[in-house]
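J.: Add chain B to chain A, keeping to what the hints say.
So you can see what is in the structure, the chains are spelled out below.
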Amino acid sequence: MYGMGILKGLSVTFKHFIESYTDDLRYAGKKLTTTQKFEKRQGTDTAGVYTVQYPDEKIAVPERFRFIPFLVVEDNDHPERPGHDWCTSCGICAKVCPPQCIWIVRGEDPVSKRPVPEPQAFFIDIDICMNCGYCAEFCPFDAIKMDHDYEMADYDRTETHIHDKDKLSKPLSYWRKIAPTTAWEEAIARGSWEHQDVVKQKQKVNAPLAIPGPTPDSPYVPPIVPVKEEPVETTQVTGETAAQEVVREAAPPTVAEGTPAPAAASGELSAEERRAKREAALARKAAKQEGGEG
Amino acid sequence: MTDQMIAPVRPETTDVGTAIAYLKEKFPDAVKDDGRQGYTGVIVDRAQLVDVATAIRDELGFNYLSSATAVDYLGVEDSMEMVYHAYRISGGPALVFKAQTPRENAAIPSLIDVYPGADFQEREAYDLYGIHFPGHPNLKRILLWDGFYGHPMRKDWKEAYYEEEHKPFDSRWPKGFVRRAEELNMFGKNVRYPDDLDLSRLSDDSEDSLYRGMGLGVDVETFDSEDKLRTDRLVVNLGPHHPSTHGVFRMVVTLNGETIETLEPVMGYLHRNHEKIGERNAWYHNMPFTDRLDYISGMSNNLGYALAVENLMSLGARYQPPTYRAEVIRVLMVELTRIVNHFWAVGFLLNDLGAFFTPALYAIEEREKVLDFFEATAGSRMMPNYMRFGGVFKDLPERIRSVANLVNDQIRDFNTMDYLTDLINESLPRAIDELDHFLTDSEIIKTRTRGVGYLPADMAIAYSTAGPLLRASGVPYDVRRADPYSIYPELDFDVAVRYNGDIYDRYLIRIDEMRESVRILKQILPRLERTHGESVFSGNKAVYMPRMPLGESYGRVENPKGELGFYTVSAGDPKGPQNPWRYHVRAPSFINLTPLGQMAKGQKVADVVAILGSIDIVLGETDR
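Sequence lines, in order, name chains A and B. Each residue of the first sequence is one higher than the last, beginning at 1 in our numbering. Each residue of the second sequence is one higher than the last, beginning at 1 in our numbering.
Heads up, a few of these hints could be off.
Straight line, CA to CA, 30 Å or less: simulated DSSO-like cross-link-like pairs of lysine-lysine [stated by the list, open to error]:
(1) A:Lys58 x B:Lys369
(2) B:Lys175 x A:Lys113
(3) B:Lys522 x A:Lys15
(4) A:Lys58 x A:Lys167
(5) B:Lys522 x A:Lys8
(6) B:Lys446 x A:Lys8
(7) B:Lys158 x B:Lys98
(8) B:Lys26 x B:Lys98
(9) A:Lys165 x B:Lys394
(10) B:Lys369 x A:Lys15
(11) B:Lys575 x B:Lys158
(12) B:Lys604 x B:Lys446
(13) A:Lys170 x B:Lys394
(14) A:Lys113 x A:Lys165
(15) A:Lys15 x B:Lys446
(16) B:Lys604 x A:Lys8
(17) B:Lys175 x A:Lys167
(18) B:Lys175 x A:Lys170
(19) B:Lys369 x A:Lys8
(20) B:Lys394 x A:Lys167
(21) A:Lys165 x B:Lys175
None of these hints come from the bench; they were simulated from the model.
Next comes chain A alone, as it looks inside the complex (with noise of 0.2 Å):
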């Protein structure tokens, strides 16, 4: 019969019509916050198309996304070098790079004008870069690796997009927080949480690393770190928010607000343990909420 066939896409199109409206009506009774709604929604189990609503609402990037890279210092309250750079202006990363937006000066001794291993000044155009990963990939010095920022959005390319050294440096803390599985491999590789070269260079005296890492065999434990409530200027500005006190102690990880603790986690602390983090991480978030606000 002639129209068949365009009932049968009609039936499609009706069967779409009513998914759009079934989640609505799932959650219709029930309070959820917007947040979580939101997460409810992205899941598998979700009908019908969903719109996110962009900037209320995120989705969360995966750990090896990738876009505008930063250079990796240690964290402001290392105990022996905080602040200092990781990169030691080998030049590699300016070398893979496809499109040749990175430009390093490499670091001289005022005196003796030999090379040290800092750079003296690290700019990336951003505007050129093309977010390949390359030199996250090629650095042997785990220095430089790739953000997870992607709002980059401004009124003016010729001075704000050519990023310094300054505006690149980000702490170890920061980089453990957004990709924690990969700074974990990574320091695994290494032998601690500290730079490669330290690590060689207290080997050779056998003194006691600063902040022992990871060894092959200790179990993977990532470190639980909330993302959303956190604007990445905040950990980059201040050095005591509650995001890096959390990275920190990272180890065992700390809970975070509303969730259970994943699998690996929950059999090493105890239900005292869990509340008291639980507690602790959320005072310090209503603390950093009141002080954002005010």
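T.: Chain B only, in chain A's frame:
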């Protein structure tokens, strides 16, 4: 398959070596072996090129011209060369033949009469290299406009923001004080026009200037047809800014009433001289640039380039082929890409037919899940930069969504294998079935697409079309079977083929191919589990500045849009150059447009939009 399609292959010449011997015997003066280190095929005297090519096509059966491209050997041999890769449509390796010409007044006879598919490729060689093709009926610039000075792919041509001959640039390290390129080379002062260009044209926005160089008048001409229906003949621009062109692409059509008399595609609005950039780059640098060619299927482009360079590396002594797990992951990625691309193509074909965005959105719903997987694995949804020479960037992650980033979001944290299993066994087949149910029987679609945009099999081969366009015309030619690569020989799948050669069959074949891809992916899953934990990279670690052995290589893959080929030449520095001497992309989106004018002739204006949609082009690849 009809009889006249099968070219008479002489039984004793099935092997390429025998074919070359036959050629040398028949043309003792004109054909000689290409004896340069790492090169294959024959060099043909350009005076007899057309005769030799005719023999190659008719007597030896190499009736499918895959790629025709130019190389400038300035400083090595001081000559230019056209390189042709001809294949048999029944499968097998290529017969490579070349014709050389001096750089001054470069001219090589056109092969357009032997292989009509050489049309756009010769125009491209003329545009970028300045080689003239006597015999070509329409030899004019194709990617650049006629106010462009010089031929940019020549080795002595320098771009406006020229810095150095090769990357990495010395100014970046160790004294890398940042300078923006446009500060050094002010815009406006770095542009040169040909001497005979009338510069007043630049401010002339009249209709006349739009069609100048096309040989078309714009006067409306009225004439009465036989049935006394008064019609107007007029020239209409479809594009460049038009949603139906899938980008910035222009079709200049001459209409008689509503019927198309001639159609000429105008392209190049997105041209960035990808190949010149590729030759400035080092070998590794090109990988992320290939993502940007056909940006719907970046993974497949990566594979094509990786294959071409691995072919080249295999000429050298220290070459380790990719590990088995790397190959499995590559096929996984490429087949997922194919499904994604066909979802996209079918969805937007329906857009072109007037079903505005409802089918497109249903089609790309599942695409999101695949892209989530790409993002978790490679780091980017559409610009993966995932393949490396000898393997892939990283193994699949244990979990698709990292726990850490999604503390409050346990729902979307999946084990990768579970996610893939669900995707391949449940979501994707369901989505394909739904699309099939939704569209295939629809009377509107049938009426609009059946018998429209007909491309017969012999023309499809002659015009060097590839991919779904070729297979929907009844030619079961698929590089995965015809010239297998990676682990395709051990996988069980069928080459989808349809015989009517119209838009409807081009739609159906995409549904078929998606089903075949799901079939392949189902065989990939157990292989992934079996090889779990094995290395995804041969050798220790990727070398960031590999040196290549001297020679040439052509790597081709069956991309979702057709055959994607990379022709790379490594020449110059005898120690092994760090930069490609030649880096050519045989772009399916570009060459598949060759028969567009033929297909559109006699159709209505509204159908042209659908015909273009059924070819499925991406302008990033067409214009390069």
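J.: Next, verify each hint and record whether it holds.
T.: Verification of the hints:
{"no.": "1", "hint": "A:Lys58 x B:Lys369", "result": "holds, 16 Å"}
{"no.": "2", "hint": "B:Lys175 x A:Lys113", "result": "holds, 13 Å"}
{"no.": "3", "hint": "B:Lys522 x A:Lys15", "result": "holds, 28 Å"}
{"no.": "4", "hint": "A:Lys58 x A:Lys167", "result": "holds, 24 Å"}
{"no.": "5", "hint": "B:Lys522 x A:Lys8", "result": "holds, 29 Å"}
{"no.": "6", "hint": "B:Lys446 x A:Lys8", "result": "holds, 14 Å"}
{"no.": "7", "hint": "B:Lys158 x B:Lys98", "result": "holds, 26 Å"}
{"no.": "8", "hint": "B:Lys26 x B:Lys98", "result": "holds, 17 Å"}
{"no.": "9", "hint": "A:Lys165 x B:Lys394", "result": "holds, 29 Å"}
{"no.": "10", "hint": "B:Lys369 x A:Lys15", "result": "holds, 20 Å"}
{"no.": "11", "hint": "B:Lys575 x B:Lys158", "result": "holds, 25 Å"}
{"no.": "12", "hint": "B:Lys604 x B:Lys446", "result": "holds, 16 Å"}
{"no.": "13", "hint": "A:Lys170 x B:Lys394", "result": "holds, 24 Å"}
{"no.": "14", "hint": "A:Lys113 x A:Lys165", "result": "holds, 21 Å"}
{"no.": "15", "hint": "A:Lys15 x B:Lys446", "result": "holds, 23 Å"}
{"no.": "16", "hint": "B:Lys604 x A:Lys8", "result": "holds, 28 Å"}
{"no.": "17", "hint": "B:Lys175 x A:Lys167", "result": "holds, 20 Å"}
{"no.": "18", "hint": "B:Lys175 x A:Lys170", "result": "holds, 23 Å"}
{"no.": "19", "hint": "B:Lys369 x A:Lys8", "result": "holds, 26 Å"}
{"no.": "20", "hint": "B:Lys394 x A:Lys167", "result": "holds, 29 Å"}
{"no.": "21", "hint": "A:Lys165 x B:Lys175", "result": "holds, 15 Å"}
Hint compliance for this structure: no hint is broken.
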